[in-house]
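Please build the complete structure, drawing on both the sequences and the hints.
So the protein sequences, as listed, match chains A and B. The working numbering puts the first sequence at residues 1 to 329. The working numbering puts the second sequence at residues 1001 to 1168.
Please keep in mind that the hints were generated in silico from the structure rather than gathered at the bench. Among these hints, one or two may not hold up.
Dumping the calculated SDA-like pairs for lysine to any residue here, alpha-carbon to alpha-carbon at most 20 Å [as the list claims (entries may be wrong)]:
hint : chain 1 : residue 1 : chain 2 : residue 2
1    : A       : Lys-77    : A       : Gln-110
2    : A       : Lys-77    : A       : Leu-106
3    : A       : Lys-48    : B       : Gly-1112
4    : A       : Lys-275   : A       : Met-217
5    : A       : Lys-48    : B       : Lys-1168
6    : A       : Lys-48    : B       : Ile-1004
7    : A       : Lys-48    : B       : Arg-1113
8    : A       : Lys-48    : B       : Glu-1081
9    : A       : Lys-77    : B       : Asn-1106
10   : A       : Lys-47    : B       : Pro-1114
11   : A       : Lys-48    : B       : His-1078
12   : A       : Lys-48    : B       : Asp-1063
13   : A       : Lys-48    : B       : Ser-1148
14   : A       : Lys-48    : B       : Asp-1110
15   : A       : Lys-47    : B       : Glu-1084
16   : B       : Lys-1168  : B       : Ile-1022
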Amino acid sequence: MTNANPQLNEHGELTHLLTLEGLSREILLGILDRAEPFTAVAEREVKKVPLLRGKSVFNLFFENSTRTRTTFEIAAKRLSADVINLNINTSSAAKGESLLDTVDNLAAMQADMFVVRHASSGAPYLIARHLAATGRKHIHVVNAGDGRHAHPTQGLLDMYTIRHYKKDFTQLSVAVVGDILHSRVARSQLHALTTLGVPDIRLVGPKTLLPTEAARMIPNAPLSVHHDLARGLAGVDVVMMLRLQNERMQGALLPSPQEYFKSWGLTPEKLALAKPDAIVMHPGPMNRGIEIDSAVADGRQAVILPQVTFGIAVRMAVMSMLAGGGAAQ
Amino acid sequence: MPPIPPVTELIERLAAQMRPAITPGSVLVGIHTGGVWVAEALHAALGLTTPLATIDVSFHRDDHHLGGGLRSGGRVSHLPENVEGAHLILVDDVLYTGRTVRAALNELFDYGRPGRVDLAVLVDRGGRELPIAATWCAYVLPEPLPASESLDLLREADGELRFRLGKK
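Encoded structure:
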């Protein structure tokens, strides 16, 4: 294979979805466009279309997740696929070998697609490479979150949500707020926002979670770093909150949750600094009273629940794009 | 082969054939994209008061593996609130293999169980691959068109419809 991007086949089409990094604007917009008609499927008498009929989708979750697994499951089922859920709690030892052994076993059960979540960055890529090296290129891999690396479908559904409410990416100011250092969601969002031409992307968070060098994490991207919430939010069109991962509260990176909320929690007063029609997004699950005030989470500017609904359509679009070939006979 | 009559004339013929079967509840369902244009013209010619419905068959196409694929751009089906028991008339520009009609029927039944479904087409080009026939057809080509040739309905900037014969 001469192709440098392991997600694309020899025709330049998406065959795995591992990361949004390196995907062209055309591919990103193509996925968003394709997701649009799927939003209507849920309103039918029969909430199913036959695009993945007869295909087997394995949800391979090596790390806990309820929401993401459920939305992938619903998406696959609405495409008429058979869905098998596997929640595999990894022991830290022997991860590499057992991971590929698991994959080989499931591939022997005629899997057509793996939806993979793993605590280690690069695990989905490892699986995709292994499948290619062993002559099973027809099996597709979707990354449902790997370590601190990427969460591409979350990034895509966020872009879908932004486009739904704001139409044009090229006029927007977007603030990404919170634990950016540890966030695979943030990484996927930043790559997508950059590729889609957002001219003002602000990374907002405390110094311990957001080193100043973060502004250079994507070459030539319009990123700026703000260590002050008020300044970061001033005049923005979109506020993308990140979940503060409670487990990190234990370390030296942060003071108490109360103190974090005081400096970095999104309250109605802080939100008032953004544009009056700014939207507030959150990938969930929310920590009310830590990174977001309930008055904002339930307020008129929040689009957090629509994000969940759009997430199903976006995942249907991705899965049908990867494995839709010949499904609807 | 003699030229295909002008589309305006075909619409008139088709409307005349359909008129006796139209009831106050009959709904025209145009199949994207050409069928929607024909349905709009028929809707006016028949003076229907029920809203015009449209249907997109992408979800049910059987040629994804042949590069048919899903077309994007937000085209979706707009069907009546209540399909249950309704008289629906599928409208398309050209009837060919019958696969589009098969897909449209599948799509329709995702919304409910219609009482009756008819099919109205402007031109039958022959070449059926499924046991599907039109209820009404304005013009049957004297000989089936070879698979190497295409027959497309075009809409000009001024809204005028015309057929174009071409090579695939």
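Would the hint linking A/Lys-48 and B/Asp-1063 be met if the CA-CA limit is 20 Å? holds, 18 Å
Given the hinted pair A/Lys-48 and B/Ser-1148, is their alpha-carbon gap at most 20 Å? Status violated; Cα separation ~35 Å.
Under the criterion that the straight-line Cα-Cα distance not exceed 20 Å, is the pair A/Lys-48, B/Glu-1081 satisfied? holds, 18 Å
Within 20 Å, alpha carbon to alpha carbon, are A/Lys-48 and B/Ile-1004? Measuring from Cα to Cα gives roughly 40 Å; hence the hint is violated.
When you check the alpha-carbon spacing of A/Lys-77 and A/Leu-106, does it fall within 20 Å? holds, 19 Å
So if I understand the rule, the pair passes when the alpha-carbon distance is 20 Å or less; does A/Lys-47 with B/Pro-1114 pass? holds, 17 Å
Within 20 Å, alpha carbon to alpha carbon, are A/Lys-48 and B/Asp-1110? Judged against 20 Å, a Cα distance of about 8 Å means the pair holds.
Would you check the hint for A/Lys-48 and B/Gly-1112, treating anything up to 20 Å between C-alpha atoms as holding? holds, 13 Å
Run the distance test for A/Lys-275 versus A/Met-217: straight-line Cα separation, threshold 20 Å. violated, 27 Å
Proposed proximity, B/Glu-1084 with A/Lys-47 (alpha carbon, max 20 Å): holds, 16 Å
Checking one constraint from the list: CA of A/Lys-48 to CA of B/His-1078, max 20 Å. Satisfied? holds, 16 Å
Holds or violated: A/Lys-48 with B/Arg-1113, Cα cutoff 20 Å? Holds, at about 16 Å.
In this structure, the earlier hints numbered 4, 5, 6, 13, 16 are contradicted, and the remaining ones agree with it.
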